[in-house]
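Those sequence lines, one after another, are chains E and U.
At position 61 of the first sequence the residue is numbered 61 (the numbering used here), and the sequence of numbers has no breaks.
At position 68 of the second sequence the residue is numbered 68 (the numbering used here), and the sequence of numbers has no breaks.
It is possible that part of the hints are untrue.
Taking CB as the label site, the calculated pair distances span [stated by the list, open to error]:
#1 L11/U to Q2/E: 29 to 35 Å
#2 G66/E to Q18/U: 34 to 40 Å
#3 K9/E to R73/U: 32 to 38 Å
#4 T5/E to K13/U: 46 to 52 Å
#5 Q17/U to K15/E: 45 to 51 Å
#6 Q17/U to G58/E: 31 to 37 Å
#7 Y10/U to S55/E: 20 to 26 Å
#8 S65/U to G58/E: 39 to 45 Å
#9 Q41/U to E108/E: 28 to 34 Å
#10 S40/E to Y10/U: 36 to 42 Å
#11 R30/U to G16/E: 40 to 46 Å
#12 N71/U to L109/E: 18 to 24 Å
The set of hints was computed from the structure by calculation and includes no laboratory data.
Cβ atoms here follow ideal geometry from the backbone N, Cα and C, with glycine treated the same way.
Spelled out, the chains give:
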Amino acid sequence: AQRVTQPEKLLSVFKGAPVELKCNYSYSGSPELFWYVQYSRQRLQLLLRHISRESIKGFTADLNKGETSFHLKKPFAQEEDSAMYYCALIGGGGNKLTFGTGTQLKVEL
Amino acid sequence: KAGVTQTPRYLIKTRGQQVTLSCSPISGHRSVSWYQQTPGQGLQFLFEYFSETQRNKGNFPGRFSGRQFSNSRSEMNVSTLELGDSALYLCASSSKNGVGELFFGEGSRLTVL
């Protein structure tokens, strides 16, 4: 069975501080991993995916197969980064996403 | 391009009733997925339809069903409602090549009394 674990329900950081949102996964094959974000009063939206290896809004995430992790990082947090972040994986065909329980990031001034 | 549209946005039902929720995907998207979001269980996959065929199914009882029409619009139905079915039901669409890149609607909030 596939599983995504986000150990922190809430992460509070100061503006300008580094951010790391943790995500660990369990899947027997080669998963595709994603980070989704939901800003206040907005729809859930894709932030980034591991296969694209992009930096979106200053965020990056590296897939570590040895540690089965896909942590989301940003060197300097901004106030507009405050949101709910969900890590998700796809194992197998189609769009069956397994989501973690989410981490609420709060960036304080 | 219009986003994913879900109707109704809010509804209240009583136990034992049934409900039908509707989802219009982004134009050109043929994959439509449904998720249930609750404070206790988070986001849970219900099912996915692609070109009118159910492509994936989550671990929900048979009371939860869905279908997709030839224009890619989708509906989900929950019969014999239970209190625990109270949730935000999210629909998401995806293009043929956008595996995992889901575009979500605002959701339909169902309250079962």
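* Asked: Taking each numbered hint in turn, which are not upheld by the structure, reported in ascending numerical order?
  -> 2, 4, 6, 7, 10 and 12
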